[in-house]
Structures are given as structure tokens and as C-alpha cells.
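Trainee: Taken in sequence, the protein lines are chains W and Z.
This note's numbering applies: residue 83 is where the first sequence begins, and numbers increase by one.
This note's numbering applies: residue -18 is where the second sequence begins, and numbers increase by one.
Everything labelled a hint here was simulated from the structure, so no lab data went into it.
Derived coverage of chain W by chain Z (criterion: at least 3 residues anywhere in the stretch with Cβ under 8 Å from a Cβ of chain Z; other residues may be distant):
| # | region |
| --- | --- |
| 1 | 101 to 107 |
| 2 | 116 to 125 |
Not everything, but these chain Z residues come out facing chain W in the computed CB check (under 10 Å):
| # | residue |
| --- | --- |
| 3 | A60 |
| 4 | T65 |
| 5 | A106 |
| 6 | Y111 |
| 7 | L114 |
| 8 | F126 |
| 9 | S295 |
| 10 | G297 |
| 11 | G307 |
| 12 | H310 |
| 13 | R318 |
| 14 | I321 |
Quick reminder that beta carbons are idealized off the backbone N, C-alpha and C, glycines included.
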Amino acid sequence: MSYWEILSYAAWIISAMLLLWILVDAFSVSRQFDESLLMSSREGADELMAELEREEGQS
Amino acid sequence: MSQEASSQSQRISMLKVLNPFHIWALGVGIVLVGEFMGWNFSVAKGGAYGALIACWVIGLLYSCVAMIDSEVTSTVAAAGGQYTQAKHIIGPLMAFNVGLYLVMAYTMLEAADALIVGDLMAAVASATGYPDLSPQPFVVLTISFLAWLNYRGVFMTLTLNFVITLFAFLAILALFIGADPLNPGHILKHSDLLTELPYGWIGVVAALQFGMWYYLGIEGTCQAAEEVRSAGRAIPLGTIGGILTLLVAATLTWYISTGLMPWQYLGQATTPLYDAASIIGNPVLQVVLFIGTMFAAIASANGCINDAARAWFSMGRDRYMPTWFGAIHPRYRTPFRSIIFLIPIAVSFAFTGLLDQVITFSILSGLLGYTFMSINMVKFRKMWPLDVIKRGYIHPFHPIPAYTLLGLCSLVYFATFLGYGASLLSIMAFYIVASVWFVKRRYQFVKRGDQFTMPWPRPKGY
Chain W
83 MSYWEILSYA AWIISAMLLL WILVDAFSVS RQFDESLLMS SREGADELMA
133 ELEREEGQS
Chain Z
-18 MSQEASSQSQ RISMLKVLNP FHIWALGVGI VLVGEFMGWN FSVAKGGAYG
32 ALIACWVIGL LYSCVAMIDS EVTSTVAAAG GQYTQAKHII GPLMAFNVGL
82 YLVMAYTMLE AADALIVGDL MAAVASATGY PDLSPQPFVV LTISFLAWLN
132 YRGVFMTLTL NFVITLFAFL AILALFIGAD PLNPGHILKH SDLLTELPYG
182 WIGVVAALQF GMWYYLGIEG TCQAAEEVRS AGRAIPLGTI GGILTLLVAA
232 TLTWYISTGL MPWQYLGQAT TPLYDAASII GNPVLQVVLF IGTMFAAIAS
282 ANGCINDAAR AWFSMGRDRY MPTWFGAIHP RYRTPFRSII FLIPIAVSFA
332 FTGLLDQVIT FSILSGLLGY TFMSINMVKF RKMWPLDVIK RGYIHPFHPI
382 PAYTLLGLCS LVYFATFLGY GASLLSIMAF YIVASVWFVK RRYQFVKRGD
432 QFTMPWPRPK GY
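Kindly generate the complete structure, drawing on both the sequences and the hints.
Mentor: Shown next as C-alpha cells:
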């Protein structure tokens, strides 16, 4: 078996392990945490918006 | 399950950990591979001078994109970038289409980048006496490793992008220095190699489509808006710094390549910068350029995974797509389900092996997005004038950049129609069908009030 064939098999194996790790983790997170928490993010507004709100509050 | 009870009142969001260098790395990282390969097809259409005109005309188009994006994103600081901007400024149907353009453009570009990595590995194997190496395991490894990295967190993902993108940019600078530019005629033979326009001005117009390769993807900086420490500062700095870097890199790339290779060869070369290093004959430069090409492709795929996942996530969060995709990982704070969902799609595109078609679809999706930006910018300034909402950055000369962008996009549509008319029409048909599906079937699930979250005053005229 040549060096390149070994490298090809290694690439398949590492890919499979990485994808498996991702899937296992995603599955365990979905079981461990409530869906409402996982989907609780709201569209971000940075400090500019906060500043605007403060200004509006003062006026 | 103990965490469930406490989670009811909690909220999670993406981490605000990025700085302007990460934004630069995201934008330039996606694009720089176009300097290492692809831009040179413009030489085949318009000759060397035609490619230079395309480089600068399209550079102007993307400078307008960078300016507009910097202003709007520093104000609409949310993941989804142009999708979110369209939602707030124009309306749901435009937002759906722009979101789809973004996901398709980035996923297809990611597939093309992974294909390039696979092909480079196969080329190395062939050069070392093993001509039958299949690129597929390396394509899958590239996508799965980068997806894993993206899954684990944005900070490490874009820090890696910064390192490898900087290396790739420095490789172009090293090649320029290695070409001895201070002694014209010694290595660089512009006086012998530069010719008249081989196909006249129509060739120059046709070259515009491939001029997009120099810059396609710089608008991707907007997708990180929800994860930067200060959107008002980081997005404009990273984006404008990015387009300036690309203008320099594109001009140097053209200058080196056209001084070393006749336009007939350059126009069909696969890796023109690596070929340039080979012609100079410096083995160190050859190795640096090979690694630079590989790094540029990896950085591009990495940035594309980041951006496609955020666009898809944002559409899920707003119920434009199933809400399941709108989830954030509680530990890594990444849109993990969107990242996972797009992996098999990218691999499928890559396994078709149709690099040309995949890239053409990506370019056209990007172009549709730029067309929207010009309309978006004009509406944004009309609905919320400068004194009404505070912006992190205000771009100069409005509305000239918006109208310039619209005019240049029209010119590139014409150029694309000349070479890829059937692709252009089929892509338009795809988006029209998708729009009909959205209006008839999907929009009923959207909670209309929930999607508008910016604390802005009522727009002028409403």
C-alpha cells in the first residue's frame, strides 16, 4: 500500500470521526437543553442601539 | 434535565468576541483564492489590458459594495447581514431572496474551494509518481474539518482564517519582490508580452464577469455583525481594510502574471501565481506559492461555512425557514444546526466536480445580492435620514456609490449573458420558483411583528 493510499484512508477516517463527533454532540445538546433555550437568541443590536435607547430615555 | 428548568427564563446569544482583524480575515479570506486562480479567465476574454480594466472596474463595483455594507451593517448589526438589512429596509420577499442568494453563493463557493484543495492534493500526488489519487477524501476532509472548527466556536475559526489569509497575502507580496519589479525587463517582460486588445472592447466587457473573482465574497464581513465587540467600529474597519488589501493584491497579481506569461497561456492556466513562481525558478517561492494557494482555498471555504450558516440560521430564527435551524449551541454559541445542515449540501456540490458551473452559480447569486444593495442603500437613506438614526459609519458621496453599483451590476449581467446566458436564465428561474414557494407556502409561518427588532423610529413617509 503506497503512502498516498494510506493518506486517503486516513482522510476518510478523520472525516468520519469529525462528523460523528459533531452529530453526537448536537444530539446530546438537543436532549440536554430545552428547545426554547436553544432558540432563544434575538437579533443582535450593538451598543449603538443601546445608546440610542438611552438617548430616547433621557429626552 | 436540571438545566431545563433554569433555562426557561434564560436567553443565549452568539458571543461578541471578534475584532476588526477577524472581520478583515473573514472578508479577505473568502476572496483571496480568486487571486491564486480564476481571475485569469478574464485574460482569455479581453487580453492582458482587458483583464486590468476588468480588475479596476470590478474593483470600483466592490468598493461601492464595501462602502454601502459598512454603513448599513454598522447600523443593522445582526447575523444574516444583507438578509437582515433587506428584511428591515425593503420587505420579506426581498429578504427571503437575498438570504437564499447568500446561502447558495457561499455554499457553492465552499464546495469549489474544497474541490481546489482536493485537486491540489491530486496534483502533488501526480508529481510524486502517484497519478491516480482521488481528490474526494481530501474534499470531504476539508469540509468536515472546517465544519467542526466552525461548530466549536467563531473566535478560533476566524483566528485561524486570519493566520492563513495573512500567509497567502504575504505569499503574493513575496512573489512580487521575487519578480524584481525595480528592474523591468530583467524578469518581468511587459514590453514584450503586453499586446493590443485581442477581441476589442466587447472582449473587455466579456472579461468583467471573471473580474469578479478578484473580489467575490468581501461582502461576507457583514455576517459577523452579531459577533463583533463593536459593530460600529469593527465592520467598517475590517471591510474597508479588506477591499483595500484586495485592490493591492489584485493589481500585483495582474502585474506579476502578465509580465511573465503570454496572454494566450495565462488565459487558460489553472494556477497562474504558482506558474509565475515556477517561471521565476526560485524553489522557495514555488513552495510558498503552493502553500499560499492551499491556504487561500482553505480560508475561503472556512469563511463560506461561517457565512452560509449564519444566513441560514437568521432565516430560521425569523421562521423564513424551519425554526429548528435558529438554534444556538449553549456552550460554543454557534448556529450549530445550520452548520450541520449545510455540510451534506456542500459535499454534494463538490462531488459533482463541475467547478465552472458551481462557481458561475455562486457569482450570479452574489451579483443578484449586489443589485439589491444599491436599491437598499437609497431606500435606507430615504426612510431613515442621517439625523434620524445614529450610524457607526457614514459612507461619502451618497447616492453616487449606489447608482454606480447599479450601473456596474447591469454591465456585468450583460457580460454574463454573453458567456453564460443559459446559466443566467436558469438561475433567475430558480429564484422566481423559490419566491413563489415562499409567498404561497412559507410566509404564513412567519410571525410578522417578531421579525422587526431594531429600536428605530417610524420610517419617513409611513
